[in-house]
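Protein chains in written order, with the numbering used here: chain A, 1 to 163; chain B, 1 to 795; chain C, 1 to 315.
Hints were generated in silico from the structure; no laboratory data involved. Even for Gly, the Cβ is constructed at its ideal location relative to N, Cα and C. Incorrect hints may appear among the rest.
To be verified - Derived list of chain C stretches under chain B, where covered just means 3 residues or more per stretch with a C-beta under 8 Å from a C-beta of chain B: (1) 150-157; (2) 293-303.
What the hints assert, rightly or not - Just some of the chain B residues that point at chain A, by a computed CB distance under 10 Å: (3) D27; (4) A31; (5) R113; (6) R274; (7) G299; (8) T300; (9) Q497; (10) L569; (11) V573; (12) G687; (13) S688; (14) F714; (15) T721; (16) D727.
Said to hold, decoys possible - Per the computed footprint, the stretches of chain A lying under chain C, defined by three or more beta-carbons under 8 Å from a beta-carbon of chain C, are: (17) 37-51; (18) 56-66; (19) 119-133.
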Amino acid sequence: MNEVAVRLRVNGRDVRASVAARRSLADFLRDDLGLTGTHVGCEHGVCGACTVLVDGRTVRSCLLLAAQLEGAEVTTVEGLTPAGGLSVLQAAFQECHALQCGFCTAGMLATAHELLAENPAPTRADIRDAIAGNLCMCTGYVNIVRAIELAARRLRESTAGRP
Amino acid sequence: MSRWVGAPLPRKEDARLTTGRGLYLDDVARAGQLHAAMLRSPHAHARVVALDASAATRLPGVHAVLTGAEAAAASRPIRPLIPTPVPLPDWCLAVDRVRYAGEPVAAVAAVDRATAEDALERIRVEYEPLPPVVDPEAALRPDSPLLYSELGTNVLWHDVFAYGDVEGAFAGADGVLRERFAIQRYASTPLETFGAIAEYDAGLDAYTFWTNDQRPGLTLAILAESLGIPQARLRLVTPDVGGAFGNKRRPAYLLVCALLARRAGRPVKYLEDRLENLGALMHACNGVMDVELAYRADGTVVALRVRDVADEGKNLVSPTQHNLIKLGNIVNGYRIGAVAYEAYSVLTTKCPSGANRGIGKPFMCFAVERAMALLARRLAMDPAELRLRNYVRAEEMPYTTPPGAQYDSGDYPATLRRALERFDYAGWRAAQARARAEGRLLGIGIATSVEPAGTNLASYELITGRRAASGSAEAAMVRVEPDGRVRAALGDPASGQGYETVVAQIVADELGLTPADVDVERGFDSSTTPWLYLSGNYSNKFSVTDVGAVLGAARAVRDKLRRIAAHRLEVSVDDVELAEAEARVRGVPGRGLAIRELARTAYADVLGLPPGEPPGLEARHAHQNPLARPVGADRTVRSQLVFSNAAHCCLVEIDRRTGAVRLLRHVVVHDCGRELNPLIVEGMVHGSTVHGLGAALLEEFRYDESGQLLTATFMDYLKPTALDVPDIEVDRLEHPSPFTPLGAKGVGEGGSIPAPAAVANAVEDALAELGVTVRSLPLTPERVWRWLQNPEEAR
Amino acid sequence: MIAQALESPHLDPRRRGRDAGHAVVQRAGALKPAPFEYVRARSLDEALAALDGDGKILAGGQSLVPLLNMRLVRPARLVDINAVPGLDAVRARPDGGLDVGALVRHTDLLTSPLVQARAPLLAAAAAHVGHRAIRNRGTVGGSLAHADPAAELPAALLALDAGVVVAGRTGHRRLPLAELFVGLLTTSLAPDEILTGIEIPEARADGWGFAELARRAGDFAIAGVAAVVRGGPDRCTRARLVAFGADDRPVRLRAAEDAIVGRAASAELAARAAAEAPRDCRPSSDVHASAEYRAHLVRVLAEDAVRDAVGRLPA
């Protein structure tokens, strides 16, 4: 069928929808759910702007069909943002000036989130390797690396430990 | 005394941009909006014989279709920047001829983008292919196929400029170095693509555009003229913009949306997809520069002669910019007394060119800095020494170059020396020698450049022969609201430069507030933001022109606050100062009035105002950069107005076996005068430098001989990732401009200008023993490998 | 990669063109797929039944969805097999080898202790595939079925002498990997067959090496070589050298292999083998590299891969 029923969880909330078969997860999140924090930069899986977390792992939401997400748990940048404030990563991005236009930031944060969950003490080389799949046209990456490094240190030092 | 200007304040806009709460164009949903897609020519050059869109119109979900013929009937041609001997009408869609692969020929508005793309497949177009024009030098030849037969040539502009005794200098020189350099097509490709939403209000006969266009002043003029509607009935709104770098301008797309919106009776949204963006929006000109340096035996360069062929693609709207900007900056940081410059601005059947970051200066700097490197080699001089010998010196500032640019301040020798020191030049030369002995190919490259800011539109008179626009100006507004908080707006829409924070810093200093107290309007809205034809985000003008507008408005409000306070406190205005959100009496602690209270007087309790003082606490101010001048009778002109400078030192290693170039270090020492926000400034230097590194090693829009773009996706057009570039090490000097309101200079283009030359010089240095000469970019592994195999072919 | 995709007979014949760039530009303006039906298969039988007619398997989607978005492929139906149970395990084989389910993600190959122990070459190859987000979804089976000649896993698996298990209407069949790749982006899979698993024979005592050159980390390789060598320092008894990015499919460098078998693991062995490497591949030219340069890279990378493989032989 060209319309597919799908049930999933997005940022902790249950979602039931009927989606066109060809609708990408990125367009579904943005246009159907109004979660416009995730951005679309290329629609062929290279730039990483659309990166979100599905079942805890980063994915290119432009390369997933919404129809595929039955039973899945999706986290977007909105879900990575604590109520009324900034996460440790987001605060570090602001402090280190790790964004200029901000268009790559949601994807960068998802990628950084996955990195720090697996590797709480990444080297600068580890960080560059992790974000190599996220293009930024503005910052030249220098401050993004610094921000992730700073966030990692703060998380290690804190008791909460959530990026 | 400034408390906020000069502070490395984290940005206010990051609170929303890090949390997914930005509002970019595609996030804007206008009620009932339709989505447009464009049918584009598969041929680089062809006659459009027939176009039948009837099947597309019948597809369910399609609400409007627009063909070129219909666009021509419903709109006026888009005015080109330079008048041509015969009219070359250029509508928002191609009518009877297509002149680049990817040129739009029809458009569809449908319920969603996918349906619109389905509809495109149902449009039948019959093309009669014509010979493509791909190489700019071939395009110059009399036997070349022509994009416009009525023009009789592909040359949009050709001129020769000479300043000083060029012939005499060449004749009397000890030697002449001649070399030809080439640059590839590339672009800064902002991550967000370009687009617009157009809405038509039939009741008001008025249009509203949401767009990420970076030149609202220019675009509103074109829209009004092409739609045949007064500017008063146009509204243009710019939300958050995901990067611009000169790319975000294509009035034709706004017109297409407008015409579709009128036909459909609903708003129409169009965003380029990435393929359209890479193939059809804007490429920096590729081209060829023949450079001749006349020099004395001691290395002093006495004259420069350049023949410059710029490939503009099919660009009628804004060609010749690259040539003009190169002319204005051609002597770079050097004291060269005589200059000749021959410019060709050439049409080809390729993607239109445009004001991509640097607008020709990266190529100019590549050519000049490469020529200096070659001269150093020829004279067996250290390349740093050669430059130091030729720089304009600090004590000569302000210094006027032969074409008329005025370098306002700066110490170019000190900048280079600091860069060499930060780089540890002597240490790395020694390391290089040791590496050479081990057979490793380490290379060190130096490149330095001026970085101009603010464009004087009068310079276009050199091309057009008349003055339609001139100067550099911007407008701003500062308003204390009735509740005492402050709002500001700027006619220049931000695209990542942090204007909301820097403007707040400036206003906070003037009004005795904190930046948190000042809300700067996001983006641009022509119905509320003050703006001029000259308004927009281009040529680095924020720090040198826009700040004047902000200061003017802030100071007008400051002075009014002081007048109201002085009246209410019954003291002299001179005794009133603003601090900590209050107007205070100097030397009398405790005597003061909160800004909030003054606002109450200004807006509500107006009988309390000083006699003759009108109500309100709002000022709009437009500032003209006083450095702009008309073109001189001798054809000199200040085409750009304020000059930063920088020195780059680059360390590379070449893998002998594969030719792969690895960037090991990149040091930048720059001087942009007073840094309004050092955190933002440093970020600009990082980012602009990486643009240059991408151009040096990875990025190339390659066309085949039939005019087809071969590098049409992000899989083939390669942008630098975090693994491709090193940490950019930055240090600064600070020589304020004597001529700008805050002493600040431009910083937005910076690194993109000298970085390609630095990498090229480093690669050539690494291959020094082979005698290879680097004449073009990008330096792909295969190209370098071929030089390693056959160095004699690259000498 | 796109240029090569356009030559494949499996793609929409209306879209194939001699001129790759021309054909790509015909698509400019399309980054939303043409309409298709979607079926979420819950079992292998359901998936096989749904492949009836013009259908394509959706596994990781990292190669397929870009092609769909660009309308380079236009199947009538997508059969999503991600929910088919039993295809995503890595299991030890009694003979010392490895069974890898077709739906095992690249990321899981990298982190699997079994893969590290029994086929570390596979993990080394997987590390070069794209970036993390791509590896999280992309599957081994998908990589084989897509058969991109510049892909890492097909070459590594060929060097490991792997075989594949293929499910069809009439049951399962097995075939050596060499029989799977028959041309550019073309496998011998019938349109109604599904690759379900990969069988890797015992290789724990083999030395292995892997080398590639890409323009950027994570890009498709310009060229690469996977090497597996068996034996001891005195005598190599078996060698498999497979080049990728160097032909229309991963290709055995047999002349180079012959230069290794029977020889001692000397310092010159790798260079001598590498000198023979270009004989067996026919690279082509594209925007990123010429055939000549690719042939050169095959030699350089073969030397690296063989040196590493020989260096990993048991003492």
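How the hints compare with the structure:
1. 150-157: Violated - the region 150-157 of chain C has 0 residues with a Cβ nearer than 8 Å to chain B, which falls short of three.
2. 293-303: holds (count 4)
3. D27: 4 Å, holds
4. A31: 14 Å, violated
5. R113: 8 Å, holds
6. R274: 4 Å, holds
7. G299: 34 Å, violated
8. T300: 36 Å, violated
9. Q497: Q497 (chain B) check passes; min Cβ-Cβ to chain A is 7 Å, inside 10 Å.
10. L569: Constraint on L569 (chain B) not satisfied, violated at 40 Å.
11. V573: 39 Å, violated
12. G687: 4 Å, holds
13. S688: 8 Å, holds
14. F714: 4 Å, holds
15. T721: 4 Å, holds
16. D727: 6 Å, holds
17. 37-51: holds (count 5)
18. 56-66: holds (count 8)
19. 119-133: Since 4 is at least three, the answer is holds.
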